[in-house]
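Single-letter residue listing:
Number of protein chains: 2
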Amino acid sequence: MKPKRVTIKDLAKELKVSPSTISRALQDSYQIGEETKKAIWELAKKWNYKPNLVAKRLIKQKSFTVGVIVPEVSYYFNATLIKGLEDILLKEGFNLIICQTHESYEREILHCEFLMASQVDGIISSISGETQQMSHFYNILEAGMPMVLFDRGFNVPNVSKVMIDNVEAGRVAVAHLIDTGCKRIAYLQGPESLPIGNARKKGYQKALAEAGVSFDRKLVSHCKFGSDMGFSNAKKMLEMPEPPDAFFCINDRIGMGTMAAIREKGLRIPEDISVIGFNDEPYAKLLNPKLTTIEQPAFQMGQEAAKMFFYQLKTDEPEILTKILPTKLIIRESTKGIVN
Amino acid sequence: MKPKRVTIKDLAKELKVSPSTISRALQDSYQIGEETKKAIWELAKKWNYKPNLVAKRLIKQKSFTVGVIVPEVSYYFNATLIKGLEDILLKEGFNLIICQTHESYEREILHCEFLMASQVDGIISSISGETQQMSHFYNILEAGMPMVLFDRGFNVPNVSKVMIDNVEAGRVAVAHLIDTGCKRIAYLQGPESLPIGNARKKGYQKALAEAGVSFDRKLVSHCKFGSDMGFSNAKKMLEMPEPPDAFFCINDRIGMGTMAAIREKGLRIPEDISVIGFNDEPYAKLLNPKLTTIEQPAFQMGQEAAKMFFYQLKTDEPEILTKILPTKLIIRESTKGIVN
DNA sequence: CAATTTTACGCAAACCTTTGCGTAACTTCC
DNA sequence: GGAAGTTACGCAAAGGTTTGCGTAAAATTG
Numbered sequence: 001m002k003p004k005r006v007t008i009k010d011l012a013k014e015l016k017v018s019p020s021t022i023s024r025a026l027q028d029s030y031q032i033g034e035e036t037k038k039a040i041w042e043l044a045k046k047w048n049y050k051p052n053l054v055a056k057r058l059i060k061q062k063s064f065t066v067g068v069i070v071p072e073v074s075y076y077f078n079a080t081l082i083k084g085l086e087d088i089l090l091k092e093g094f095n096l097i098i099c100q101t102h103e104s105y106e107r108e109i110l111h112c113e114f115l116m117a118s119q120v121d122g123i124i125s126s127i128s129g130e131t132q133q134m135s136h137f138y139n140i141l142e143a144g145m146p147m148v149l150f151d152r153g154f155n156v157p158n159v160s161k162v163m164i165d166n167v168e169a170g171r172v173a174v175a176h177l178i179d180t181g182c183k184r185i186a187y188l189q190g191p192e193s194l195p196i197g198n199a200r201k202k203g204y205q206k207a208l209a210e211a212g213v214s215f216d217r218k219l220v221s222h223c224k225f226g227s228d229m230g231f232s233n234a235k236k237m238l239e240m241p242e243p244p245d246a247f248f249c250i251n252d253r254i255g256m257g258t259m260a261a262i263r264e265k266g267l268r269i270p271e272d273i274s275v276i277g278f279n280d281e282p283y284a285k286l287l288n289p290k291l292t293t294i295e296q297p298a299f300q301m302g303q304e305a306a307k308m309f310f311y312q313l314k315t316d317e318p319e320i321l322t323k324i325l326p327t328k329l330i331i332r333e334s335t336k337g338i339v340n
Numbered sequence: 001m002k003p004k005r006v007t008i009k010d011l012a013k014e015l016k017v018s019p020s021t022i023s024r025a026l027q028d029s030y031q032i033g034e035e036t037k038k039a040i041w042e043l044a045k046k047w048n049y050k051p052n053l054v055a056k057r058l059i060k061q062k063s064f065t066v067g068v069i070v071p072e073v074s075y076y077f078n079a080t081l082i083k084g085l086e087d088i089l090l091k092e093g094f095n096l097i098i099c100q101t102h103e104s105y106e107r108e109i110l111h112c113e114f115l116m117a118s119q120v121d122g123i124i125s126s127i128s129g130e131t132q133q134m135s136h137f138y139n140i141l142e143a144g145m146p147m148v149l150f151d152r153g154f155n156v157p158n159v160s161k162v163m164i165d166n167v168e169a170g171r172v173a174v175a176h177l178i179d180t181g182c183k184r185i186a187y188l189q190g191p192e193s194l195p196i197g198n199a200r201k202k203g204y205q206k207a208l209a210e211a212g213v214s215f216d217r218k219l220v221s222h223c224k225f226g227s228d229m230g231f232s233n234a235k236k237m238l239e240m241p242e243p244p245d246a247f248f249c250i251n252d253r254i255g256m257g258t259m260a261a262i263r264e265k266g267l268r269i270p271e272d273i274s275v276i277g278f279n280d281e282p283y284a285k286l287l288n289p290k291l292t293t294i295e296q297p298a299f300q301m302g303q304e305a306a307k308m309f310f311y312q313l314k315t316d317e318p319e320i321l322t323k324i325l326p327t328k329l330i331i332r333e334s335t336k337g338i339v340n
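These protein sequence lines are chains A and B, in that order.
For the first sequence, the positions run 1 to 340 when the working numbering is used.
For the second sequence, the positions run 1 to 340 when the working numbering is used.
These are computed hints drawn from the structure, not numbers from a lab.
Among the clues, some could well be false.
As the list claims (entries may be wrong) - Below, simulated SDA-like cross-link-like pairs (lysine to any residue); rule was C-alpha separation at most 20 Å, straight line:
1) Lys50/A with Tyr138/B
2) Lys13/A with Ala44/A
3) Lys60/B with Phe114/A
4) Lys218/A with Met240/A
5) Lys56/A with Gln119/B
6) Lys290/B with Val172/B
7) Lys285/B with Phe64/A
8) Lys60/B with Leu58/A
9) Lys46/A with Tyr138/B
10) Lys56/B with Asn52/A
11) Lys224/A with Pro282/B
12) Lys9/A with Met116/B
13) Lys50/A with Arg24/A
14) Lys50/A with Phe64/A
15) Lys50/B with Lys224/A
16) Lys290/B with Arg263/A
17) Lys9/B with Ala143/A
18) Lys50/B with Gln61/A
19) Lys56/B with Lys45/A
20) Lys45/B with Asn139/A
21) Lys50/A with Gly144/B
22) Lys13/A with Gly33/A
23) Lys60/A with Asp28/A
24) Lys83/A with Leu325/A
25) Lys9/A with Lys60/B
26) Lys285/A with Pro282/B
27) Lys4/A with Lys314/B
28) Lys45/A with Ala143/B
29) Lys46/B with Lys60/B
30) Lys4/B with Pro318/A
Turn these sequences into a full structure, and let the hints steer you where they fit.
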């Protein structure tokens, strides 16, 4: 039924040479005579020989493969970051195995174990929304496997990582709202357990403090990711006795949901209520009105993470590195002009 | 430097039993005595033994892994379809290796070869925008490896596949525009080489013919995917001497770009110009105005594709199957009310 | 108590490839 | 023409696991 795969042994038997000769010929080794090589190449082509990577990995103890763990590939940030990873890794002949946690801690552990057991050469990972405990990551490190964390892994100690300054980014976003005359600024944070959101909250509070406006915890709301959640959470806030006059959203999707909720209330953006997002996803500039947001260098973050992986792979006693990438405020139409 | 991984042999040496006993004990085989098992389990846990999947795959000739090839994971359709695949595959203990082609034919071939060489148990694939030739897929089939195509692979002969009726979906979309009084309907098709776009074009022409309106090739425009392309292409069309009064867009992202272009011209949606998208991406209902679109059962398509894979895996002489899933017109605010 | 069955384990081959080392046969050199 | 070097290949082990078969020792049976 199933056609048997052709192996080096089959070629060896046919040509009456040893498997080692085949193997070396296929690697174009100087140890093999020219006519022998030619004969082997011809037969390999004729029989459509393909090396068995599983066997090769077993003996070489190297897979030229790196595992990538992200919460969700459909998030623009992650998808772009993966492109950055590919940009560096593919050039060096490495493949990547992309795994999604769907924000599940359990799945994250499963993926780590699967990747380690599959003998990948390293793991580049974000962190799920549920994850509180990091021992699965330290297991990887203890096994001597290169690992780098990105984005959400910014506060995990003793691990190499690449990230942005979330506190500062949050501060800049909220300072912009304050500069444009907003007084009651809501923060739609997303999952409460995510350190990234808490860091931006610190920046939010910092900007508030700098402007001398007091922090009101009722203005901070938590929700799952996804634009629908932005919609319903913003709606609730707008029904408060003292509704906000601005929203700082943890990402553009939630920003989009927020804009829809504001429109449904019959309010105008930015005249009545301002909105600022995060990530500068490609549709942000196509929304009505165009969304003000914080740009994050996702592609570059991927490149840097890949470089860190190679540094660890190629260095005997690698240092633990931390790289902080810059963010940028992109002012569009969903926030007002700067007052005075 | 690198801590050596603990293997079955190490456990065997320590407990003075043979590796085969360890292996069987770890599988909880009836052939091994209870105390022996306990001792082995204990040591395995203590030494943090993890089986080497590479070795296991080599000997079992099975990897419990399936390769998934998509053009781009960030497309909502693909991301949702992958969730459908996971829904079925993970339950059965299978892992998936997700590969992106970024619409490149060359990368698609590379991924196919990599997956085959990695001895995956099967391949579930879409088709890149550049792909014209299918021999890399037939190679998989000839190797006796289960394979199923989805979505874009709808017109590849002699392969199992799951898809929608693109002609009919296109017809329904355009018929809706005609029913709501549109006369000059443009079609933003995306990449010209994509059979999926051409099939919907047939539906577009069919609806036109049914309504007795003649086909104008100037109203069909090709572009790369991405909302920016929708923006610029729609803009060009709006500057034509006889601009369209409706746009049928190959997906919602391009629909979003189209809406932005219409707004920039100072025209109203749907009063001046109607827009219909495709996919019902999650933000479609959050746009301003809310986008009318065609819903595609991406999650279910993933489930069906996974089921087809299992059918092939478990059946000796599997038939070639074709499954057509239904689509649904979702009427929102970007098209007008039905006239008469 | 002898014959049979069961229990619990070991041996060795297999999966496919790579590679260090060994060695014939041939070439080169003085 | 003999010593030294070169060329072209084979042998066998290694990588970690699984599994069919074989077999002592113990348990069961009549």
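**OP:** Compare the distance between the alpha carbons of lysine 56/A and glutamine 119/B with 20 Å, and conclude whether the hinted pair is satisfied.
**Re:** holds (12 Å)
Original post:
Is the Cα-Cα distance between lysine 9/A and methionine 116/B 20 Å or less?
Top reply: holds (19 Å)
Original post:
Given the proposed pairing of lysine 50/A with phenylalanine 64/A, does the C-alpha separation stay at or below 20 Å?
Top reply: holds (17 Å)
**OP:** Given the hint that lysine 224/A pairs with proline 282/B, test it: the Cα-Cα distance must not exceed 20 Å.
**Re:** holds (15 Å)
**OP:** For the pair we were handed, lysine 46/A and tyrosine 138/B, check the Cα-Cα distance against 20 Å.
**Re:** holds (17 Å)
Subject >> Given pair status - phenylalanine 64/A, lysine 285/B, alpha carbons within 20 Å >> reply: Given that 20 Å is the threshold and the Cα spacing comes to 43 Å, the pair is violated.
**OP:** Assess, step by step, whether the Cα of lysine 46/B is no farther than 20 Å from the Cα of lysine 60/B, and give holds or violated.
**Re:** Between lysine 46/B and lysine 60/B the Cα gap is close to 27 Å, so the pair fails against 20 Å, i.e. violated.
Original post:
Are the Cα positions of lysine 9/B and alanine 143/A separated by 20 Å at most?
Top reply: Holds. Lysine 9/B to alanine 143/A sits at ~18 Å (cutoff 20 Å).
Original post:
CA of lysine 45/B to CA of asparagine 139/A, is that 20 Å or under?
Top reply: holds (14 Å)
Original post:
Taking 20 Å as the top limit, are the C-alpha atoms of lysine 285/A and proline 282/B close enough?
Top reply: Answer holds: lysine 285/A to proline 282/B is near 18 Å, not above 20 Å.
Original post:
Does lysine 4/A pair with lysine 314/B here, judged by a C-alpha cut-off of 20 Å?
Top reply: Measuring from Cα to Cα gives roughly 17 Å; hence the hint holds.
**OP:** Given the hint that lysine 50/B pairs with lysine 224/A, test it: the Cα-Cα distance must not exceed 20 Å.
**Re:** violated (34 Å)
The earlier numbered hints that this structure contradicts are 7, 15, 19 and 29.
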